[in-house]
Amino acid sequence: MIIANQTDALEDTRLKYRYLDLRRPVLQQTLKTRATLMQATREYLDGLDFIELETPILTKSTPEGARDYLVPSRIHPGRFFALPQSPQLFKQLFMIGGMERYYQIAKCFRDEDLRADRQPEFTQIDIEASFVDQAQVMTMTEGLVAHVFKQTIDVTIPLPFDVLTYDEAMRRYGSDKPDRRFGLELLDVSSVFASSDFEYLRGQSVSMLHLPNSTLTRKHIDALSEIAKTYGASGVSFMKYDTDFTSGIASKCSREELAAIASLAQPSANDLYLFVAGDLRVAQTALGQVRLHLGQELQLINDKEYDVCWVVDWPLFEPTDTGVTSAHHPFTSPKPQTMDALTKDAIAQAYDVVCNGYELGGGSIRIHQPALQAKVLELLGMSKERAKEQFGFFLEALEYGTPPHGGIALGVDRFVMLLTNTTNIRDVIAFPKTASAQDLMSQAPGDVSDAQLSELQISRKK
RNA sequence: GGUCCGGUAGUGUAGUGGUUAACAUGCCAGUCUGUCACACUGGAGAUCGCGGGUUCAAGUCCCGUCCGGACCGCCA
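The first sequence begins at 32 in the working numbering and counts up one residue at a time.
Errors might be hidden in some of the hints.
As the list claims (entries may be wrong) - Pairwise CB distance ranges (calculated):
| hint | residue 1 | residue 2 | range |
| --- | --- | --- | --- |
| 1 | E486 | T170 | 46 to 54 Å |
| 2 | T374 | N333 | 40 to 48 Å |
| 3 | N244 | Q400 | 53 to 61 Å |
| 4 | E199 | K138 | 53 to 61 Å |
| 5 | G354 | L403 | 14 to 22 Å |
| 6 | Q60 | D273 | 16 to 24 Å |
| 7 | I188 | S222 | 34 to 42 Å |
| 8 | N244 | Q70 | 41 to 49 Å |
| 9 | A290 | L215 | 17 to 25 Å |
| 10 | S222 | L89 | 52 to 60 Å |
| 11 | N301 | E230 | 46 to 54 Å |
| 12 | D77 | D371 | 48 to 56 Å |
| 13 | T67 | D371 | 23 to 31 Å |
| 14 | Q70 | K419 | 38 to 46 Å |
As the list claims (entries may be wrong) - Pairs of lysine-lysine residues, derived as DSS-like cross-links and limited to a Cα-Cα distance of at most 25 Å, are as follows:
| hint | residue 1 | residue 2 |
| --- | --- | --- |
| 15 | K208 | K375 |
| 16 | K208 | K250 |
| 17 | K208 | K181 |
| 18 | K250 | K181 |
| 19 | K63 | K47 |
| 20 | K366 | K335 |
| 21 | K415 | K91 |
| 22 | K375 | K181 |
| 23 | K366 | K47 |
| 24 | K208 | K271 |
| 25 | K406 | K419 |
| 26 | K250 | K63 |
| 27 | K260 | K283 |
| 28 | K208 | K138 |
| 29 | K63 | K91 |
| 30 | K366 | K63 |
| 31 | K138 | K91 |
| 32 | K91 | K208 |
Hints in this document: simulated from the structure, not taken from any laboratory.
Each residue gets a CB set at the ideal place from its N, CA and C atoms; glycine is no exception.
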């Protein structure tokens, strides 16, 4: 096996002989950057009098969210520990326990399907503080992120970060983690077609992309349509402009509608207009993905640039088939305005920090009043009994005088990906797992003996 | 759970349904040698991921399955 810096070896060969792959200078450098990130994090947070505290790895299965990795208890047959999806409840308990400024570089575990930027075990910079509001957490985080960029790759990130609301991010970029390194922003043209004669657009949410001086062919547009369909849209419609709007859906639109489009996005020769219609979030997301694809294809992205921003004012809940679920987690506080008359449209005191189209981290101000917590759980449709069974210890703790508190968690792996300019999370983890959550080197997960299972009083199915 | 791309000597790849599966690199042997990415000659090395099927004939087409990768669902 060749230990060249650049390798064209197949992923499975590299992963099987990971210790050889690690000899490649590029991977060595990446792991050093990772170490520097951790060191810079401790340096910054220690300097702000945060205390590095540990939380258990063998813990209790959490009520919702991702699937847990379970660990059977030998001493209590039939009962299981769960590996933490995050230290969420424990860090809040630190606040109740009077450890007013906590941080931890924490391993988290989620038994869900993988992606290019997702592993079953990953690392978070987990932070929580008492007597803070959203603005204070954001300012502290900005300082941390800027410090890490400076210490690791000597890049200066301008402060403070831009702030977008969730609605704005979705409207302008069709994403809750917008890549703002290039323009090509979406425009909401729903109002133009509110009472259109064109049935396809009438009354729909319509999102539009204006491509000046475009050379895209019909074949290109069809490919973009396929992308949009992946995200649940019916497809991408288009019209062109030379001296007037032509082709595509132009003939289906009235003069007034075309004039309205022209006033929103000044046309000139060879311009292309793309449209996705449908449910608001579907139309935005689908065209947002088309935008990202075009950004890459048309090489509009400067990969030396780092754009960091906040996305705030997230919905507290999101609808499900049966009711609502937490958009963030059930301990997230609503904004004060929506607190008294809490409805399913409430806005959360939640914030995500986004860099170059990646969710670098997210956090929230937590609920510290037992009554409000009870109300949120009620809206989530969780019975008192179930809540008590799942995390009664936490609800009880809230009763003992809980300071207002909030925090954030930053993804270490994604952070290193950004710092080292890779799109593959396996490149930033020393011993990663494959897309099917296996370790090709150690062959984990492996079989265990009947004797081991018997000791745990576990039997195999079938 | 679904969609798509890939799996061929140790490694990385090529390979219109048709003779003995090709190339690079690595390995072995020899020749040469002021080498330093040596050069030259020769050699070994492939159940074409696995199992079925279609066909006179399958690396190639079809179905299933396993593995790697990307994506959708999922990931509070």
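| request: Confirm or reject the claim that T67 and D371 have a C-beta distance inside 23 to 31 Å. | output: For T67 and D371 the Cβ distance comes to about 47 Å; the hint is violated.
| said: Just to be careful, I want the Cα atoms of K208 and K250 compared with a cutoff of 25 Å; is the pair within it? | reply: violated (29 Å)
| Cβ separation of Q60 and D273, checked against the hinted range 16 to 24 Å | Taking Cβ atoms as reference, Q60 and D273 lie about 51 Å apart, which means the hint is violated.
| said: Quick check: does the Cβ-Cβ distance between N244 and Q400 fall within 53 to 61 Å? | reply: holds (56 Å)
| request: Return holds or violated for the Cβ distance of G354 and L403 against the range 14 to 22 Å. | output: Distance hint for G354, L403 holds at roughly 19 Å.
| said: Check the hint pairing K63 with K91 against an upper bound of 25 Å on the C-alpha distance. | reply: violated (34 Å)
| said: Against the range 48 to 56 Å, how does the distance between the Cβ atoms of D77 and D371 compare: consistent or not? | reply: violated (39 Å)
| CB-CB spacing for L215 and A290 relative to the 17 to 25 Å hint | Check passed, 23 Å falls within 17 to 25 Å.
| task | For the pair we were handed, K375 and K181, check the Cα-Cα distance against 25 Å. | result | violated (41 Å)
| Within 38 to 46 Å or not, the Cβ separation of Q70 and K419? | holds (42 Å)
| field | Pair hint K91 and K208, alpha-carbon separation not exceeding 25 Å | value | violated (31 Å)
| field | T374 paired with N333, Cβ distance criterion 40 to 48 Å | value | holds (43 Å)
The structure fails to meet hints 4, 6, 11, 12, 13, 16, 18, 20, 22, 23, 24, 26, 29, 30, 32 from the earlier list, while all remaining hints are met.
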